[in-house]
Structure formats: structure tokens, C-alpha cells
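Asker: So the chains spell out like this:
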Amino acid sequence: MATQTGVAPAGSSGAHGHEEVDYLNAEKGWWSWASTVDHKRIGIMYLASVMTMFGVGGFFALALRTELLTPGRTIMGPDFYNQAFTLHGAVMVFLFIIPSVPAALGNFFLPIMIGAKDVAFPRLNLASFYIYVFGAIWAVASIWGVDTGWTFYTPYSQHTNFAAITMTTGAFILGFSSILTGLNFIATVHKLRAPGLNWQRLPLFVWGIYATSVIQVLATPVLAITLFLLIMERLLTVGIFNPELGGDPVLFQHFFWFYSHPAVYIMILPGMAVVNELIATFSKRKIFGYMFVAMSSVSLALLGFLVWGHHMFVAGMSDYAALVFSGLTMLVAIPSGVKVFNWVATLYQGSISFESPMLYALAFIVLFTIGGLTGLYLGMLAVDVHLHDTYFVVAHFHYVMVGGTVFGFLGGLHYWWPKMFGRMYDERLARVAFTLVFLGFNMTFFTQFILGSRGMPRRYYDYLPHFQPLHAFSSVGAYVLGVGFLIMLYMFITAILSGKKAPPNPWGSAGYEWMTTSPPHPHNFHETPVMTRGPYDYHLATDEELSTGFPGETESSVEARAAETPRTETAKAAATTDADDADDEKSKDDDE
Amino acid sequence: MQTQTEPSFQLPAQLSTVAPEIDWLYDFISIVSLLFFVAIVGAMIYFMVKYRRRPGVKSEPTGHHNTLELFWTFSPLILLFMIFHWGFQGYVAMSVAPDDALNIRVRASQWVWAFEHPNGVAETGEVHVPAGRPVRMVLSSDDVLHSFFVPDFRVKRDAVPGMFTSLWFQAIEPEGLEPNADHILYDSQVFCTEYCGTSHSAMLATLHVMRSEDYDAFLAVGPQPPEGVDLATWGQTNFQRIGCTTCHSATEGGPTTPGPNLFGVAGTEVALEGGASVTADAAYLEHSIRDPQAQIVHGYTGVAMSHFRLGDAQIQSLVEYISSLH
Chain A
1 MATQTGVAPA
11 GSSGAHGHEE
21 VDYLNAEKGW
31 WSWASTVDHK
41 RIGIMYLASV
51 MTMFGVGGFF
61 ALALRTELLT
71 PGRTIMGPDF
81 YNQAFTLHGA
91 VMVFLFIIPS
101 VPAALGNFFL
111 PIMIGAKDVA
121 FPRLNLASFY
131 IYVFGAIWAV
141 ASIWGVDTGW
151 TFYTPYSQHT
161 NFAAITMTTG
171 AFILGFSSIL
181 TGLNFIATVH
191 KLRAPGLNWQ
201 RLPLFVWGIY
211 ATSVIQVLAT
221 PVLAITLFLL
231 IMERLLTVGI
241 FNPELGGDPV
251 LFQHFFWFYS
261 HPAVYIMILP
271 GMAVVNELIA
281 TFSKRKIFGY
291 MFVAMSSVSL
301 ALLGFLVWGH
311 HMFVAGMSDY
321 AALVFSGLTM
331 LVAIPSGVKV
341 FNWVATLYQG
351 SISFESPMLY
361 ALAFIVLFTI
371 GGLTGLYLGM
381 LAVDVHLHDT
391 YFVVAHFHYV
401 MVGGTVFGFL
411 GGLHYWWPKM
421 FGRMYDERLA
431 RVAFTLVFLG
441 FNMTFFTQFI
451 LGSRGMPRRY
461 YDYLPHFQPL
471 HAFSSVGAYV
481 LGVGFLIMLY
491 MFITAILSGK
501 KAPPNPWGSA
511 GYEWMTTSPP
521 HPHNFHETPV
531 MTRGPYDYHL
541 ATDEELSTGF
551 PGETESSVEA
561 RAAETPRTET
571 AKAAATTDAD
581 DADDEKSKDD
591 DE
Chain B
1 MQTQTEPSFQ
11 LPAQLSTVAP
21 EIDWLYDFIS
31 IVSLLFFVAI
41 VGAMIYFMVK
51 YRRRPGVKSE
61 PTGHHNTLEL
71 FWTFSPLILL
81 FMIFHWGFQG
91 YVAMSVAPDD
101 ALNIRVRASQ
111 WVWAFEHPNG
121 VAETGEVHVP
131 AGRPVRMVLS
141 SDDVLHSFFV
151 PDFRVKRDAV
161 PGMFTSLWFQ
171 AIEPEGLEPN
181 ADHILYDSQV
191 FCTEYCGTSH
201 SAMLATLHVM
211 RSEDYDAFLA
221 VGPQPPEGVD
231 LATWGQTNFQ
241 RIGCTTCHSA
251 TEGGPTTPGP
261 NLFGVAGTEV
271 ALEGGASVTA
281 DAAYLEHSIR
291 DPQAQIVHGY
301 TGVAMSHFRL
311 GDAQIQSLVE
321 YISSLH
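Chain order of the listed sequences is A and B.
Taking our numbering, I'd label the letters of the first sequence as residues 1 to 592.
Taking our numbering, I'd label the letters of the second sequence as residues 1 to 326.
What the hints contain is simulated information worked out from the structure, not anything from laboratory work.
Mixed in with the good hints there might be a few duds.
[Claimed, not checked] Using C-beta positions, here's what the derived DEER-type ranges look like:
| no. | chain 1 | residue 1 | chain 2 | residue 2 | range |
| --- | --- | --- | --- | --- | --- |
| 1 | B | 182 | A | 232 | 51 to 57 Å |
| 2 | B | 212 | A | 232 | 35 to 41 Å |
| 3 | B | 78 | A | 52 | 44 to 50 Å |
| 4 | A | 239 | B | 299 | 32 to 38 Å |
| 5 | B | 180 | A | 70 | 26 to 32 Å |
| 6 | B | 60 | A | 69 | 50 to 56 Å |
| 7 | A | 483 | B | 187 | 38 to 44 Å |
| 8 | A | 476 | B | 299 | 41 to 47 Å |
[Said to hold, decoys possible] Covered by chain A, according to a simulated footprint, are these stretches of chain B (three or more residues, beta-carbon under 8 Å):
| no. | stretch |
| --- | --- |
| 9 | 27 to 40 |
| 10 | 132 to 145 |
| 11 | 192 to 202 |
| 12 | 208 to 222 |
[Claimed, not checked] No farther apart than 30 Å at their CA atoms in a straight line, the calculated lysine-lysine pairs in the DSSO-like style are these:
| no. | chain 1 | residue 1 | chain 2 | residue 2 |
| --- | --- | --- | --- | --- |
| 13 | A | 501 | B | 58 |
| 14 | A | 501 | A | 28 |
| 15 | A | 191 | A | 500 |
| 16 | A | 501 | A | 191 |
| 17 | A | 28 | A | 117 |
| 18 | A | 500 | B | 58 |
Ideal placement from N, C-alpha and C gives every residue a C-beta, glycine not left out.
All chains should be built: construct the whole structure from the sequences, respecting the hints.
Answerer: Listed below in C-alpha cells is the structure:
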């Protein structure tokens with residue numbers, strides 16, 4: 001049977017009348033969530049946490065943009081402004097972007113996509129989540145009053161109020177969550193792949209999360225060491241970074257970026273990983289140059305460790321060091337380019353449909369291309385001297401992190417939403433939200449490239465009057481972006497409350513994660529699946545697996561397909577033997 | 001290369017010798033980026049239209065094309081090397097000042113730029129520099145990181161506590177431009193671009209570019225009040241420019257600030273820390289500007305005044321101005 005369908009029919013349970021059992025309703029009560037070791041429930045809990053943090057960070061972003069509508073005081077004083085941009089940066093980086101794709105979507109889908117029952121160390125996984133929650137509460141509680149920026153540069157962070165130290169302790173704690181999750185995923189990918197799932201068949205999402213995990217495990221300890229030294233210096237007045245005690249402030253920058261530059265790849269690689277899945281599914285075609293794309297993730301992960309100095313070209317570093325770092329930085333363009341070229345090549349001779357997840361993926365290509373190309377300006381030494389620490393850097397960073405990671409994350413969220421919650425969202429609202437988010441994002445941040453090249457420094461509470469028109473335009477863009485996110489929030493909430501029931505494979509994907517029920521069974525699959533084809537082999541997948549789709553995914557066609565799917569499932573189930581039935585019953589017993 | 005003395009849509013005016021070269025590199029990357037962007041997004045949109053899902057048309061299985069893969073993996077290296085090479089050339093040229101450069105010391109502190117010319121003439125919040133001569137700014141910081149940025153000159157360097165850093169530039173003298181009554185050709189804005197606390201965005205300074213001979217004349221006498229401006233009015237200008245307003249109000253019932261409100265102080269009896277008191281006459285005011293920590297007004301301990309570097313005439317102007325606040 002496995003030879004016919006490519007994957008053992010875990011979804012066939014639909015025919016046996018016990019499709020009601022899924023990971024959401026298998027157990028009830030808050031304690032069943034708080035004590036769960038199910039990777040799917042942990043993923044959902046991460047999702048709720050990171051979305052809350054995204055709301056907090058976004059709220060402060062809007063407050064900042066409102067302050068910048070006019071020169072001088074608009075709604076807040078300079079000290080509050082400095083705290084607000086610190087809070088925005090630190091919350092978005094440490095509490096939202098870093099855990100967004102790997103911890104939320106990765107936890108949910110990595111085991112399913114490799115045909116495993118759970119991650120390698122389910123209890124450790126739950127521990128990572130609690131460490132994250134503890135670190136997040138610690139950080140948010142102590143962040144009020146921190147005004148150092150998310151970079152905590154010395155000696156300012158040693159002069160300013162003590163909250164900077166409690167905040168860094170929060171980041172220190174969060175680091176452990178990151179390390180343990182990374183370790184767990186590496187072990188899972190190595191040891192728990194289903195039979196037949198060799199490295200050449202590994203979904204590119206898994207490749208991306210795997211590369212990310214490697215960086216997390218190797219780089220995060222350096223952050224922990226740095227923050228620990230910072231705390232020790234403050235508490236015991238040991239001279240490490242503070243020149244008054246004989247320390248070197250530039251050393252802190254080296255340490256900080258030795259983590260934080262790889263961290264940028266911790267943030268972007270998962271976004272790229274999601275986009276691979278979206279493009280393959282919605283153009284019904286295997287990603288072009290699969291191995292090149294997989295290896296580009298790994299080489300980005302490695303190169304990411306060698307370029308930290310490009311944050312410090314004007315910081316008082318040796319000119320020879322600048323030479324080396326600039327050269328290595330240029331190399332980053334190679335794997336980034338390889339990915340973009342291969343994504344575009346995948347569209348060639350595809351069968352492309354434009355549901356909302358695909359819109360995010362295509363927007364990702366456009367925005368990441370802009371983000372990547374503007375990196376050339378900053379990697380080029382002589383030009384960086386002018387652009388360093390201006391709004392140009394702010395714009396570049398947001399194009400990569402928001403236009404890249406956040407768009408990838410949102411695309412993945414839309415794409416996997418039916419699988420995670422078993423319900424569809426309103427596609428029309430999704431498109432409205434997408435349009436506003438795309439438009440608002442470009443209005444906000446493209447403007448900032450021009451502000452920066454004209455010489456507007458970053459982290460400025462006040463500015464010279466001639467910068468006002470661009471600042472005001474950027475702020476209006478931020479409001480458009482905000483409205484887009486509010487519509488999206490409304491859309492997702494209504495989807496949970498009253499969305500249509502989702503079929504197992506609404507997008508007609510050949511990916512492994514769609515070969516189970518929506519939402520998945522607590523054990524993901526009734527029996528261990530055997531992979532006989534790759535996750536993008538549309539020419540090898542049967543129509544039953546793909547349930548033929550047609551463009552302009554209208555609601556009626558989704559409905560029609562939803563009505564149709566159980567029938568094909570029944571047909572498939574009818575062909576199975578009684579032994580299968582017995583197996584299914586048995587696994588049901590096991591669950592109870 | 002034609003020098004642009006007016007700002008363009010994207011970049012500020014080119015008022016130093018390196019600016020046209022930097023902008024040429026900027027434009028070069030812009031063209032390369034635009035070409036890549038149009039090619040990538042153009043191909044993407046073309047495929048999106050051409051291969052949109054249609055009834056009865058299936059996707060073609062993905063083939064292999066190693067030559068193509070290797071081509072687009074390695075061919076950008078040539079462009080990247082060019083960008084790297086030119087960028088580094090420009091960077092080295094900007095790092096190594098000519099031997100005959102004029103040295104000006106720059107002391108950064110929260111949130112003031114103080115300058116000292118080779119002969120000891122000092123200025124704060126503004127600095128006069130000659131056009132047509134290389135000038136090296138030797139930077140240091142008294143407290144936290146700062147960064148000296150002149151957009152018109154395309155130069156920037158961090159001021160790091162505990163070490164000296166430097167940058168250099170040569171301001172140009174645009175053809176046909178005549179100096180104003182104060183012998184100044186044009187002003188360029190200085191920003192602090194490394195975050196340094198509450199008033200980071202107010203840590204500004206003005207570069208006054210003069211003809212070389214006018215600069216030498218300036219050095220001989222130091223900062224003087226402009227033609228036809230009395231000392232108290234010049235004092236008010238200095239008060240604003242130096243940044244005294246960051247910590248001192250000068251109006252009746254002005255906002256509470258880290259330093260005492262200076263309105264109506266002159267001539268009154270001032271209670272000092274430690275129980276003594278003093279009449280705030282001109283001598284006391286001058287002493288308090290030159291040595292702020294010597295006689296601290298009651299209730300203001302623990303607040304150190306920033307490190308100002310001022311000429312005698314400027315200090316007199318400030319005393320006159322504060323005395324006139326009634």
C-alpha cells in the first residue's frame with residue numbers, strides 16, 4: 001500500500017469514524033496543556049507567546065513612529081522614547097523573531113515532516129518552553145527603564161540604571177531555551193527520520209531549521225558568556241569592557257556581534273525555509289536546485305560566524321580587520337543569491353496559484369531581494385562609512401527581518417493554519433490584510449533608505465526640520481501596516497471560532513505534513529510512514545494525495561474539495577485490508 | 001567628476017574632496033542593484049503570468065541544470081570583488097590622513113562636542129575649519145561612545161573612551177562662493193551617530209568652513225562676536241549653540257532641569273552646598289563656568305556640568321547674557 005500512495009495512509013482514519021480524536025481534543029483542561037510533552041501543543045503555546053510579544057513590540061513601534069511625526073516633542077519625552085525603542089528592539093529580537101519560526105512552526109511541523117511521533121527529547125522540549133516563558137517574564141518585567149538599545153553597548157550600559165543588568169539576565173536565560181531547542185531539533189533530524197527519508201529527500205523547511213539549530217547551539221553560548229561578563233563587571237567591578245576599570249568597550253562589540261550576527265541568520269534562515277515549502281506547493285513543482293538550496297542554508301550558517309566585524313567598520317577597529325570582514329561579507333551574497341535565483345527558477349514551468357500563503361512567499365522574494373542588495377552598500381567599506389548608524393541601516397535591517405523573516409513566518413502561518421487548527425480562515429480578508437501589510441511595510445521602510453542616505457542618524461528622538469516630510473510619510477506607512485495586522489488578527493480569531501472545517505490537504509501539497517488528518521492525531525501518524533518519494537515529487541504523487549486543485553481558490557472549490565476528500569479517503573480505505581483496520585483500532589486503544 | 005554643491009534626492013551636498021568618489025561608488029552599486037532587482041522581479045512576474053494555474057495543464061517535473069547552478073553561484077563573485085576592492089581603496093584613502101594635515105582635537109562628552117585648535121583656541125558646539133587644506137579630527141570621549149558624522153563630507157568615526165580615533169577630510173571651496181560677513185563660506189552639520197543617552201539627538205555641532213587665510217586670522221584671535229552684535233546677544237547665541245539649554249532654563253518659571261534655572265540669578269545671594277552663600281556677581285558667574293564643581297549651588301550635587309571648551313570672549317559673552325536675564 002505504501003508503494004502506491006508514497007506515504008502510509010495515516011489520514012485513512014477518517015473512514016473509521018474516529019476522526020474526532022486529534023491533538024487538540026485528546027485531552028482537556030489547562031493542566032493537560034501545561035504538562036504536555038506533545039510537540040504540537042508546545043508549538044501552539046510558543047505561537048501564542050510569540051504573537052503576544054509581537055503585539056507588545058508592534059505597539060511600541062507605533063508609539064515611536066507617532067513621536068517621529070513631528071520634530072520636537074509629539075507625545076513623549078526623550079527618556080521614554082529611548083526606553084521605547086529599546087523595548088521594541090529587544091522584545092522583537094529576543095522574544096519574537098528568534099523563537100517565531102523555529103520554536104512555534106518548527107516545533108509543530110519538524111517532527112511531522114520527518115514522519116516522527118515527536119521530537120527526540122519531548123520533556124526537554126517542554127523545559128525549553130518554560131525557560132522561555134520564565135526568561136520572557138523576567139525580561140519584560142525588568143525592561144521598563146532600560147534605555148541602552150537592544151545592543152547593550154558598553155560603557156553606556158554600565159553607566160545607566162541597573163535595569164540594564166536585570167534585562168541582560170533575561171536575555172541570558174532566554175539563550176538557554178534557544179540552545180536546548182536547537183539541540184533537540186538536531187537530535188530529532190539525525191535520529192528520528194522515517195524509513196525512506198534520506199537526506200536528499202529531507203523537506204527544505206527541515207534543512208533550514210536544522211542549519212538554524214546548528215547556529216543556535218554554537219553561537220548562543222557566546223552571548224551567554226558576554227552577558228555574564230557584563231553582569232560580573234557591574235556587580236564585582238572587574239574591568240572587562242569599562243575603560244574606567246581598564247577594560248575595552250570595543251571588545252564588548254566584538255563579543256556581542258560574534259553572537260548577534262549569527263543570530264541574524266538564526267532569524268532569516270527559518271523564514272527562507274518556510275518560503276521553500278510555499279513556492280513548491282503553490283507552483284506544484286520541486287524546488288529547482290534542491291541540493292544547492294539546502295547547502296546554501298548550511299553555508300549561510302557557517303559564513304554567518306565570520307562576518308561580525310562588519311557592524312564595526314567605524315568603531316575604532318583595525319583597518320586590516322575591516323578589510324577581512326568586508327571581503328567575507330561580500331561572500332554572503334553568494335548563498336543568498338543562489339536561493340533567490342532557484343526560487344524564481346522553480347516558478348518556471350510550474351502550475352502557479354496565488355492563495356494568500358503564496359502571496360507572502362512572492363512578497364518575500366521581492367523584499368528580501370531589496371534587503372539583500374542594500375546589504376551591498378553596507379558591506380562596501382567606503383560607502384558604509386557614510387551610511388553606518390543612519391536610517392539606511394534601520395531600513396536594510398527591517399527589509400531583511402520583517403520583509404524576510406516576518407513575511408516568511410506569516411506565509412507559513414497562513415499555509416499551515418488549516419493543519420494546526422483544522423479550520424480555514426477567510427481568504428478574502430487574508431488578501432486584504434496582505435495588501436495593507438505589503439503596502440504599509442514598503443511605505444514605512446523604503447522611505448527610511450532615503451532618510452538614511454540623506455544623513456538622518458538612527459535612534460534620534462528629535463530631528464532637523466528638513467527631514468520631516470519623509471518621517472511623516474514613514475509614520476503613515478506604519479499605521480497602514482498596523483491596520484493590516486489588526487485585520488489579520490481578527491481573521492485568525494474568527495477562523496478559530498467559526499472557520500470552515502479544513503480538509504487534510506487544502507492546498508493539494510505533496511509535502512509529508514499533509515498526509516495526516518487536520519488537525520493531526522496526537523501521535524501524528526497511526527503507523528510509521530514509509531517515504532517512497534520526495535516531498536516535492538508532484539509527478540510521483542497520486543491524485544488522491546493531491547486532490548486536484550484549480551486556480552483562484554474560491555470558497556466553493558474549497559468546499560467542494562472538503563466534501564470530496566472524505567470520499568477519496570473512503571475509496572482508499574476500502575482498498576486496504578482488514579489488518580489495517582485492526583492496526584488502527586489498536587493504535588486508538590494505545591492513545592486512550 | 002563634477003562636484004555637486006547642492007544635495008541630490010538621495011545624498012547630501014558633496015563638500016569634501018572624497019565625497020564625489022564615495023557617491024560614484026554609491027551610484028555604481030545602485031545601478032548593479034537595480035539591474036539585479038529588475039531581472040529577478042521581472043522574471044518572477046513573467047513566470048507568474050505565464051505559468052499561472054490553468055485547467056488541464058500540469059507542472060513540469062523539475063530537472064537538473066548544474067551548469068546554470070554553477071554559473072549563478074560563481075559569476076557574481078566578479079562583481080562582488082569589484083565592489084569589495086573599490087570600497088576598500090576608498091576606505092584606506094579616508095583612513096590615512098596626509099602628513100601635513102591640520103590636527104584638531106575633538107572631545108566628546110554627553111552631549112557636547114568640544115574642539116581645540118592646534119594653538120589652543122577652543123570652541124564648543126561649533127568649529128571653524130579651513131577649506132582646501134586637509135584637516136584631521138583626533139577624537140576622544142570622556143564618558144560613553146559617541147560618533148562624529150558629517151554627512152556633507154561623507155566621514156564618520158566613533159569616539160571611544162580610553163583610546164584615540166581619528167578621521168580626516170578636506171573641505172572644498174565651491175567656485176564663485178563669497179564668504180559672508182563673518183568670513184564663513186558655508187556651514188556643515190555635525191551629528192552624533194552612536195547612541196549616547198537622553199539628549200543623543202541634540203548632540204549636534206556646526207562646522208564653519210572658511211578660506212585658509214580667514215582661518216589663520218580666526219586662529220590668531222579666537223571666536224569673536226560677529227560684526228554689529230553686542231556681547232549679551234552673542235552670549236544668547238552661544239548659550240543655545242553650546243547646549244547650555246539642555247540643563248539650564250533661562251526663563252522665569254522655566255521647566256525643571258538638571259542644572260539651576262539662570263533667570264534672575266545675577267546679583268542675588270545664592271546658597272551654596274555646605275552652608276555658605278555667595279553673591280552671584282560677574283566674577284562668581286565666570287568662575288562657575290570655568291570651574292563648575294568649585295562652588296556648587298545648594299541642591300545640585302551629583303550633577304557634573306559637561307566639559308566645555310570656550311574662548312575668553314565667549315565666556316564673557318555668557319556672563320553678560322546671564323547678567324541680562326531679569
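Asker: So, for every hint listed, does it hold in this structure?
Answerer: Cross-check of the supplied hints:
Separation of residue 182(B) from residue 232(A) is about 53 Å and conforms to the stated range, judged on CB atoms against 51 to 57 Å. For residue 212(B) and residue 232(A), the hinted distance range of 35 to 41 Å is not satisfied, since their beta carbons lie about 53 Å from each other. The supplied range of 44 to 50 Å is met by residue 78(B) and residue 52(A), whose beta-carbon atoms lie about 48 Å from each other. Look at residue 239(A) against residue 299(B): about 34 Å separates their beta carbons, and that is inside 32 to 38 Å.
Residue 180(B) and residue 70(A) have their C-beta atoms about 31 Å apart, which keeps the hinted 26 to 32 Å range intact. Checked against the hint of 50 to 56 Å, the pair residue 60(B) and residue 69(A) passes, with Cβ atoms roughly 52 Å apart. Range check, residue 483(A) to residue 187(B): Cβ separation about 42 Å, and the 38 to 44 Å hint holds. Checked against the given bound of 41 to 47 Å, the beta carbons of residue 476(A) and residue 299(B), roughly 45 Å apart, stay inside it.
Closer than 8 Å: that is the beta-carbon criterion, and the stretch 27 to 40 of chain B has 6 residues meeting it against chain A, so the requirement of 3 holds. Remark: the stretch 132 to 145 of chain B is confirmed as covered by chain A, as 3 of its residues place a Cβ nearer than 8 Å to a Cβ of that chain, reaching the required three. Restraint check on the stretch 192 to 202 of chain B versus chain A: 11 residues with Cβ-Cβ distances below 8 Å, three needed, restraint holds. Counting residues of the stretch 208 to 222 of chain B whose C-beta sits closer than 8 Å to any C-beta of chain A gives 0, which falls short of three, so the coverage hint is violated.
Distance check on the hinted pair: residue 501(A) and residue 58(B) sit about 28 Å apart at the alpha-carbon level, within 30 Å; holds. With a CA separation close to 21 Å, the supplied pair residue 501(A) and residue 28(A) stays within the 30 Å bound. At most 30 Å may separate the alpha-carbon atoms for a hinted pair to count; residue 191(A) and residue 500(A) exceed this at roughly 37 Å. Annotation: proposed proximity of residue 501(A) to residue 191(A) is violated, straight-line Cα distance about 34 Å (limit 30 Å).
With a CA separation close to 20 Å, the supplied pair residue 28(A) and residue 117(A) stays within the 30 Å bound. Restraint check for residue 500(A) and residue 58(B): satisfied, since their Cα atoms lie roughly 28 Å apart, inside the 30 Å limit.
Hint violations for this structure: numbers 2, 12, 15 and 16, all remaining hints satisfied.
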